[in-house]
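Peer 1: On the provided structure of chain A, position chain B as indicated by the hints.
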Amino acid sequence: MMPIRSVRIVILLILGLGLAACAQTPVSESPQEREKLLVDPEVQYSMEVTELIEKQLEQTDGGSLLHIQFAVKATSRAQMAWKVTWFDAQGQTVKGVGESYRNVSVLPGQTRYFSATAPHTDVVSYQIHLREPG
Amino acid sequence: MIRNTLALLTLLVLLAGCASQARYIDPAADDGPVTMTLDYRDFERAATEAVEDMLASGAVDKPGGGRYIMAISRMTNDTMQRIDTDQLVKKIRVSMLRSGKVITTTAVGLDGAEDEMSQRARELRESAEFDQSTVQQTGTLKAPELSLSGKILQRNHRAGKEQQVEYFFQLSLTDLREGLAIWEGETPIIKRGPNSSVSW
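Note that the protein sequences, when read in sequence, are chains A and B. Oh and the first sequence: position 92 is 92 in the numbering used here, straight run, nothing missing. Oh and the second sequence: position 9 is 9 in the numbering used here, straight run, nothing missing.
It cannot be assumed that every hint is accurate.
As the list claims (entries may be wrong) - Lysine-lysine pairs mimicking DSS-like chemistry, simulated, CA-CA at most 27 Å apart: (1) Lys36(A) with Lys55(A); (2) Lys90(B) with Lys191(B); (3) Lys73(A) with Lys191(B); (4) Lys191(B) with Lys161(B); (5) Lys90(B) with Lys83(A); (6) Lys95(A) with Lys62(B); (7) Lys151(B) with Lys62(B); (8) Lys91(B) with Lys191(B); (9) Lys91(B) with Lys83(A); (10) Lys36(A) with Lys83(A); (11) Lys142(B) with Lys90(B); (12) Lys91(B) with Lys55(A); (13) Lys90(B) with Lys95(A); (14) Lys90(B) with Lys151(B); (15) Lys91(B) with Lys151(B); (16) Lys142(B) with Lys62(B); (17) Lys142(B) with Lys91(B); (18) Lys91(B) with Lys95(A); (19) Lys90(B) with Lys62(B); (20) Lys73(A) with Lys36(A); (21) Lys62(B) with Lys91(B); (22) Lys73(A) with Lys83(A); (23) Lys95(A) with Lys55(A); (24) Lys83(A) with Lys55(A); (25) Lys95(A) with Lys83(A); (26) Lys62(B) with Lys55(A); (27) Lys191(B) with Lys83(A).
Said to hold, decoys possible - Derived list of chain A stretches under chain B, where covered just means 3 residues or more per stretch with a C-beta under 8 Å from a C-beta of chain B: (28) 55–69; (29) 95–101; (30) 119–125.
I should point out that these hints are in silico values taken from the structure, not numbers from a laboratory. Bear in mind that the values here come from a model prediction, so they are computed numbers and not experimental data. All C-beta atoms, glycine included, are put in the ideal place defined by N, C-alpha and C.
Isolated chain A, as found in the complex (with noise of 0.2 Å):
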C-alpha cells in the first residue's frame, strides 16, 4: 500500500507532464539560420552544384539588389528543376515574380550557369532548391 503522500507526488507529476505536454512550442523571434542550397538525392546523383557566387547591385537610392549565381556539371544526361526563395532582414519571404520551379536539362559533361536577381533591396537572403522535375 503507498503511502498518501507518495500517491500526491506521482499526481502532481503526471498533471505536471500533462500541462507540460500542453504547452506551445515556443516561436522562434530571430529568423532560422538556412542552407542556401537544397539539393535533393535524386538530383546528387546526375549532377554537383560546382559553385555558388552572389553580388550585390548597388541602386542609385542607396540601396542593393541581391544578386546570386549557381553552377551545375552533369555526370550524365539530367533534367532539374530549380526555384529561389528569397527573404528578407526579418526572415519573411518576400515574393518573387513566380514561384515556379524553373525546368532545366543538362548535357553530359556540360556545365550550366544560372542566375537571380532579387525581387526587391529588402532582400538579404536566399534559399535555392535543386529537385527532380516531375
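Peer 2: Showing chain B alone in chain A's frame:
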C-alpha cells in the same frame, strides 16, 4: 437477373472511382504534364526572366532614386492561340511595382486609358453637384517616362515524328524622352511533342 444487375452496379461504382476528379493545382508545386500550348507556367517563366533581367541591367534604376512611370504600349499576339497578353504584362507590372522601381500609369494607353475614371473624374469640374475642393485639379496626372511593348511569336516545325513548337516572348522598354529602347529581352520557350498534340 439480380446477379447481373449487381455485377453491373459494382462495375459502375468501380469506374466512377477511377474517373479523374476536379482538383486545385498549387502553382508553387505543380508537376503536371507539359502542354503544347502556352500555359501559365510559360507566362510565369517569361515574366520572371524579363523582370530579373530588367532589374539586374540597371535599366529601371532611376538616377537619384524614386520610381519610373511606365505606360503599356502595344503587345502583339502573333501566335495561333487566342491569348490575352495581360497574362504576361500583368505579372511584369505587379513585380516591377513590388520592386519599388516602376509604377504603371493607367491613365494613358494606345487605345485609350486603361482606367477611364482618371478622365471621367475630371469631368466633374463643371458640376455644381460636387464639392469642387474634392475634384481632381488640373495638371496632376503624371506622364509616362517609360513604355513597355512586345510581341509573342509562334513557329511550328515537324521534327521527325514529332512536332516542335517555338514560342518567343520579345519585350522592349523604351525611354520616352529619347525614344530609345533602354532594355530588350527575348525568352524562347520550345516544346516538342507528338504530332497529335494541337498547339492552336
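Peer 1: Could you run down the list of hints and mark each one as holding or not?
Peer 2: So, going through the hints one by one against the coordinates:
1. Proposed proximity of lysine 36(A) and lysine 55(A) is supported: the alpha carbons are some 14 Å apart, at most 27 Å.
2. As the CA atoms of lysine 90(B) and lysine 191(B) are separated by approximately 24 Å, the hinted pair is consistent with the 27 Å bound.
3. For the proposed pair lysine 73(A) and lysine 191(B), the alpha carbon gap of about 24 Å is at most 27 Å, so the pair holds.
4. Between lysine 191(B) and lysine 161(B), the direct Cα distance comes to roughly 14 Å. Compliance with the 27 Å bound is thereby established for this hinted pair.
5. For the hint pairing lysine 90(B) with lysine 83(A), the CA-to-CA distance comes to about 21 Å; that is within 27 Å, so the pair holds.
6. This hinted pair checks out: lysine 95(A) and lysine 62(B) have alpha carbons roughly 22 Å apart, not beyond 27 Å.
7. Simply put, lysine 151(B) and lysine 62(B) have alpha-carbon atoms about 26 Å apart, close enough for the 27 Å limit, and the pair holds.
8. Taken as a hint, the lysine 91(B) and lysine 191(B) pair is honoured in the structure, with Cα atoms around 22 Å apart against an allowance of 27 Å.
9. Note on lysine 91(B) and lysine 83(A): the hinted pairing holds, with a Cα-Cα distance of about 17 Å set against a maximum of 27 Å.
10. In summary, the hint linking lysine 36(A) to lysine 83(A) is supported, as the alpha carbons are separated by about 12 Å, within the 27 Å threshold.
11. With a CA separation close to 20 Å, the supplied pair lysine 142(B) and lysine 90(B) stays within the 27 Å bound.
12. The hinted pair formed by lysine 91(B) and lysine 55(A) meets the criterion: a straight-line CA distance of about 26 Å does not exceed 27 Å.
13. For the hint linking lysine 90(B) to lysine 95(A), the alpha-carbon distance of about 15 Å falls within 27 Å, and the restraint holds.
14. Between the alpha carbons of lysine 90(B) and lysine 151(B) the distance comes to roughly 15 Å, so the proposed pair stays at or under 27 Å and holds.
15. At roughly 15 Å between alpha-carbon atoms, lysine 91(B) and lysine 151(B) fall within 27 Å of each other, so this suggested pair holds.
16. Among the hinted pairs, lysine 142(B) with lysine 62(B) is consistent with the structure: their alpha-carbon atoms are about 16 Å apart, no more than 27 Å.
17. Of the supplied pair hints, the one linking lysine 142(B) and lysine 91(B) holds, its CA atoms being roughly 22 Å apart against a limit of 27 Å.
18. Between lysine 91(B) and lysine 95(A) the alpha-carbon distance is near 12 Å, which keeps this suggested pair within the 27 Å criterion.
19. A hinted pair counts as satisfied when its Cα atoms are at most 27 Å apart, and lysine 90(B) with lysine 62(B) qualifies at roughly 21 Å.
20. Annotation: proposed proximity of lysine 73(A) to lysine 36(A) holds, straight-line Cα distance about 18 Å (limit 27 Å).
21. Between the alpha carbons of lysine 62(B) and lysine 91(B) the distance comes to roughly 21 Å, so the proposed pair stays at or under 27 Å and holds.
22. Distance restraint check for lysine 73(A) and lysine 83(A): the Cα-Cα separation of roughly 17 Å lies within the 27 Å cut-off, and the hinted pair is therefore satisfied.
23. Pair hint lysine 95(A) plus lysine 55(A) holds up; C-alpha atoms about 20 Å apart against a cutoff of 27 Å.
24. Restraint check for lysine 83(A) and lysine 55(A): satisfied, since their Cα atoms lie roughly 18 Å apart, inside the 27 Å limit.
25. For the proposed pair lysine 95(A) and lysine 83(A), the alpha carbon gap of about 12 Å is at most 27 Å, so the pair holds.
26. Restraint check: the Cα-Cα separation between lysine 62(B) and lysine 55(A) comes to about 20 Å, which is no more than 27 Å; the hinted pair holds.
27. A hinted pair counts as satisfied when its Cα atoms are at most 27 Å apart, and lysine 191(B) with lysine 83(A) qualifies at roughly 21 Å.
28. For the stretch 55–69 of chain A, the stated coverage by chain B is satisfied: 7 residues place a CB nearer than 8 Å to a CB of that chain, which reaches the threshold of 3.
29. Judged by the Cβ-Cβ criterion of 8 Å, the stretch 95–101 of chain A is covered by chain B as claimed, because 6 of its residues qualify and three suffice.
30. Residues of the stretch 119–125 of chain A lying with their CB closer than 8 Å to a CB of chain B number 3, which satisfies the three-residue condition for coverage.
Consistency with the previously given hints is maintained throughout, with no hint failing.
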